[in-house]
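Those protein sequence lines, which keep their order, are chains A and B.
First residue of the first sequence: 1, per my numbering; consecutive thereafter.
First residue of the second sequence: 1, per my numbering; consecutive thereafter.
It cannot be assumed that every hint is accurate.
[To be verified] Once the Cα atoms are required to be at most 27 Å apart in a straight line, the calculated BS3-like pairs of lysine-lysine come out as:
#1 A/Lys239 <-> A/Lys225
#2 A/Lys43 <-> A/Lys31
#3 B/Lys234 <-> B/Lys26
#4 A/Lys239 <-> B/Lys85
#5 B/Lys49 <-> B/Lys134
#6 A/Lys6 <-> A/Lys43
#7 A/Lys225 <-> B/Lys26
#8 B/Lys85 <-> B/Lys234
#9 A/Lys239 <-> B/Lys134
#10 B/Lys49 <-> A/Lys239
#11 B/Lys26 <-> B/Lys85
#12 A/Lys6 <-> A/Lys31
[Said to hold, decoys possible] What follows is a set of in silico ranges between Cβ atoms, one per label pair, in the way DEER data are often shown:
#13 A/Leu227 <-> B/Arg28: 26 to 34 Å
#14 A/Val226 <-> B/Pro22: 34 to 42 Å
#15 B/Arg94 <-> A/Val72: 56 to 64 Å
[Claimed, not checked] Partial list, derived from the structure: chain B residues whose beta carbon lies under 7 Å from chain A:
#16 Arg82
#17 Lys85
#18 Gly88
#19 Ala169
#20 Arg171
#21 Ile225
#22 Arg229
It is worth saying that the hints were derived from the structure and are not from the lab.
Here the structure is a predicted model, which is why all the values come from computation and not from measurement.
Every residue, glycine too, gets a C-beta built ideally from N, C-alpha and C.
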Amino acid sequence: MTLSAKAFQRWLQGIAPDASTADVCRVSGIKRTTLAQQLVRGKVSVSTVVSISRAYNINPVSALGEFEAYRVLAGPPQPPTRCELVSQVSTADLLRAVLARPAMGAFGREEAAPAPLSPAPHATSVKNWVDAIDDGEVRHRVSAATGIAPQNYSAQLTANRLTPELAVATALAAGVGPAGGLVATGLVTEEEAGWPPGARQDALDSMSDGDLTALAGDRLQALGKVLRRQEQDQAQTEKIWENLG
Amino acid sequence: MIEILQWTTLAVCGLVAVARIPEALKGRNTSLFYIFALMALAILLSIEKPYVAIDQAMGGINMANLLLRFVIFGAIFFLGIRISKAFGATGAYRLITGRTGRLALLIFSALVVVVFLLMDTAGSSAGLVSVSGKDPRNYALVEYYGAAGRAYPAFVSLVLLPAMTRAVAGRLPVLVRIAAGLLGLGGVAIAFSLLFPVIPPELGALEFVVNYTAVLCFVLGLALIWAARIRQDKRAGSTSSFTEK
Chain A
1 MTLSAKAFQR WLQGIAPDAS TADVCRVSGI KRTTLAQQLV RGKVSVSTVV SISRAYNINP
61 VSALGEFEAY RVLAGPPQPP TRCELVSQVS TADLLRAVLA RPAMGAFGRE EAAPAPLSPA
121 PHATSVKNWV DAIDDGEVRH RVSAATGIAP QNYSAQLTAN RLTPELAVAT ALAAGVGPAG
181 GLVATGLVTE EEAGWPPGAR QDALDSMSDG DLTALAGDRL QALGKVLRRQ EQDQAQTEKI
241 WENLG
Chain B
1 MIEILQWTTL AVCGLVAVAR IPEALKGRNT SLFYIFALMA LAILLSIEKP YVAIDQAMGG
61 INMANLLLRF VIFGAIFFLG IRISKAFGAT GAYRLITGRT GRLALLIFSA LVVVVFLLMD
121 TAGSSAGLVS VSGKDPRNYA LVEYYGAAGR AYPAFVSLVL LPAMTRAVAG RLPVLVRIAA
181 GLLGLGGVAI AFSLLFPVIP PELGALEFVV NYTAVLCFVL GLALIWAARI RQDKRAGSTS
241 SFTEK
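With the hints as constraints, model all of the structure from the sequences given.
Dropping the structure here:
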């Protein structure tokens, strides 16, 4: 959901009282036409607020918390759960971690210190995040609370997207920290959401060999399904070109 | 009004057939060129003036109409093969090329020829209108002749219909899905032509609209797939040159 232009102007007054729109755009790297258009339409996007907060060294999560629709983001950040942290580890990093485990034999034994994890989000971070916090009923609760059709919600997850509004609604429905979804969608960084540094690595390290291996297996299976589907679609298209192209 | 529709359809078919010549010379899906050419010929033979001119050259006993029937049979047969192969509809492909399909082609061809020979076909007339007006016997024979001529195309298009419906709902490129929709619509129109005998004479114009809609849908659908392939080639070409750099 977008933010009202009026609320946005009020907020902007608060953080940069003397700055003109042009100044704000220059500092935050937003195109002037983009911001002008958003203001004219009365709908300012959430990412605009995030960019401007960063430019003025304000935490974007608490900045969003000043808007009515994102009030839940205000206040001290809630720490992420272990499941959430691990969900934000990319599949490649996860597999590397599996290989380094003693259970895998001597495979990764000689390796020096593990490479640092690539930053969130990763290619399937949104879906992995929702799966990680889903007790089986979360999707129903989100669609009841926001009115989004379940198939539209699933389509967003499959495309590794989620609107900020839905990301927050999902976190609330699952009872986890409200900013987790914003990390998974890449709107804000882990640090901005108040995730302790190294938390993902620690969460990963705290998993047992069995759990980690099973999780990696799940990820690989899901990835395999996606890849196979893409290959099938590709083959089908090729066949059409071959016969009718 | 009908004449505009006829000549427009002819122009579209002719243009697409001509545009297809370079690809045919390169040996790319040559049968597609023949399909377009056959369709253009079929349209030419269903318009009064060219029909009379051609038929006069063939002896003035409406042999051109018999030729038209086999042009349509040929076009629809190759079309059925190409489309079922392209869309991976193995069941449809087997039905068209297998015993059922060959039997259907044989029976309807024989019927068309036999009924044609039973008629008093002297006097060139597109659609055998003047033959039909001679006496009740010839009127009935022309009806049977027309029904036999429409039955085989209707068989092929009904066989293709499920695959087209699947393709529209599937995950193929959007242009291909639109094309499948057009091909399916053309198939429905052809199948609908089976009902012509029960259409009241006042709605005679409807028959023309249905016939030409069917042809236009097929030609535009095939042309669209062709366009989609070119677009895809261009895209692939641009990315490969990008990586070569």
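Determine which of the earlier numbered hints do not hold for this structure and return their numbers in increasing order. 7, 9, 10 and 19
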